[in-house]
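Student: Okay, here's what each chain looks like letter by letter:
There are 2 protein chains.
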Amino acid sequence: MKRKKWPVFLPYDGDTWPDGYPMRYRPYVKKIVLFGKRNGLNFEVRYFEIEPGYASSLEKHQHQHAVLILKGRGYVLIGDRIYEVKPYDAVWIPSWTPHQLIASEDEPLGFICIVDVERDRPTPLSEEELRRIKEDPELASKVKFER
Amino acid sequence: MKRKKWPVFLPYDGDTWPDGYPMRYRPYVKKIVLFGKRNGLNFEVRYFEIEPGYASSLEKHQHQHAVLILKGRGYVLIGDRIYEVKPYDAVWIPSWTPHQLIASEDEPLGFICIVDVERDRPTPLSEEELRRIKEDPELASKVKFER
Numbered sequence: 001m002k003r004k005k006w007p008v009f010l011p012y013d014g015d016t017w018p019d020g021y022p023m024r025y026r027p028y029v030k031k032i033v034l035f036g037k038r039n040g041l042n043f044e045v046r047y048f049e050i051e052p053g054y055a056s057s058l059e060k061h062q063h064q065h066a067v068l069i070l071k072g073r074g075y076v077l078i079g080d081r082i083y084e085v086k087p088y089d090a091v092w093i094p095s096w097t098p099h100q101l102i103a104s105e106d107e108p109l110g111f112i113c114i115v116d117v118e119r120d121r122p123t124p125l126s127e128e129e130l131r132r133i134k135e136d137p138e139l140a141s142k143v144k145f146e147r
Numbered sequence: 001m002k003r004k005k006w007p008v009f010l011p012y013d014g015d016t017w018p019d020g021y022p023m024r025y026r027p028y029v030k031k032i033v034l035f036g037k038r039n040g041l042n043f044e045v046r047y048f049e050i051e052p053g054y055a056s057s058l059e060k061h062q063h064q065h066a067v068l069i070l071k072g073r074g075y076v077l078i079g080d081r082i083y084e085v086k087p088y089d090a091v092w093i094p095s096w097t098p099h100q101l102i103a104s105e106d107e108p109l110g111f112i113c114i115v116d117v118e119r120d121r122p123t124p125l126s127e128e129e130l131r132r133i134k135e136d137p138e139l140a141s142k143v144k145f146e147r
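Protein chains in written order, with this note's numbering: chain W, 1 to 147; chain A, 1 to 147.
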C-alpha cells in the first residue's frame with residue numbers, strides 16, 4: 001500500500017516533530033501531520049499551532065473532530081458555547097457544529113486534531129449561525145470572523 | 001445514533017479527565033476512553049497510564065496504533081527495536097508488529113493511543129518472535145514477558 005517506509009518513531013525536539021509532514025493550512029497556523037493515510041491508517045492525527053491572536057477557520061462539516069490541547073492557552077467555540085482551554089483538555093466537535101479554535105492574545109495554542117482520512121470539505125456558517133454568534137457578547141468578543 | 005449526550009468539553013484536572021470513561025485493562029495500568037464509539041466516531045482515543053516498572057501487553061494484531069506520549073518516561077518496543085520515549089514523542093505501530101509500552105522504573109508513562117473502533121483482537125507473539133527478543137540483550141533487559 002505504501003511505497004516509502006514511514007518512520008515508526010517521531011521524536012519531539014522541544015518545538016516540533018522533524019519527521020512529521022508539514023502541510024499548508026492558513027496564515028499564522030502551523031499544521032503538521034503526524035500519522036495518516038501514508039501510514040495506511042483510516043484516521044489522521046494532525047498537530048496545529050496557532051499564533052497568539054489568531055484562529056482556525058470558522059466552519060462546520062459532517063466529519064467530527066477529536067481534539068487534545070498540547071500547548072498554550074485559548075478558546076474553543078463549539079456551536080453556541082465557548083470554552084477556555086489549557087493543555088490536556090479534550091474537546092469533541094460533533095457533526096455540523098460550527099467551531100473555531102482560537103489562540104489567546106499572548107500565547108500560541110497547540111493541539112492535535114484527529115479526523116477520518118475520508119471526510120467532507122468544510123463549509124462556512126450560514127447567515128443565521130453567524131448572526132447568533134455576533135449577538136452573543138461573550139462569543140462575539142472571542143470569535144475571529146475574518147476568513 | 002447515540003442516546004446519551006456526551007460532553008463536548010472534557011477538561012483535564014491536573015491528573016485525569018473526570019468526564020472520560022474509565023475501562024478495565026490490566027493491573028497497574030489505568031485506561032480512560034476520551035472519545036470513541038459513543039460519540040459516533042470511527043476511531044477511539046484512549047489514555048493509558050502505566051505505573052513505574054510495569055508495561056502494556058506484549059502483543060501484535062492487524063490493527064495499527066498511533067501513540068502520543070503525554071507524561072513520564074519509558075520505552076516502546078516496536079518489532080525488533082526499542083525506543084526511549086518522553087512527552088510528545090509520537091509512535092506508529094504498524095500491523096502485526098510485536099509491541100509493548102513500558103514505564104521507566106521510577107516514573108509512570110502516560111500516553112494516548114488511537115485505534116479504529118472496529119478492530120481485531122490482540123494475539124500473543126510466536127515462539128520465534130519471543131526468542132528474537134530474548135536473544136537481544138537490550139530488548140530483553142527492558143521488555144516485560146510475564147502476561
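These are computed hints drawn from the structure, not numbers from a lab.
Don't take every hint at face value.
The list treats identical chains as interchangeable, and a pair is accepted whether it falls inside one copy or across any two copies.
To be verified - In silico BS3-like pairs for lysine-lysine, Cα to Cα no more than 27 Å straight-line:
| hint | residue 1 | residue 2 |
| --- | --- | --- |
| 1 | Lys5 | Lys60 |
| 2 | Lys71 | Lys30 |
| 3 | Lys144 | Lys31 |
| 4 | Lys71 | Lys144 |
| 5 | Lys86 | Lys5 |
Student: Give a verdict on every hint.
Tutor: Comparing the hints with the structure gives:
1. Lys5 <-> Lys60: between (34 Å within a copy, 19 Å between copies)
2. Lys71 <-> Lys30: Both: 13 Å inside a copy, 24 Å across copies.
3. Lys144 <-> Lys31: For Lys144 and Lys31, only the intra-copy Cα distance (19 Å) is at most 27 Å; the inter-copy one is 37 Å.
4. Lys71 <-> Lys144: within (20 Å within a copy, 33 Å between copies)
5. Lys86 <-> Lys5: For Lys86 and Lys5, the Cα distance is within 27 Å only across copies (23 Å; inside one copy 35 Å).
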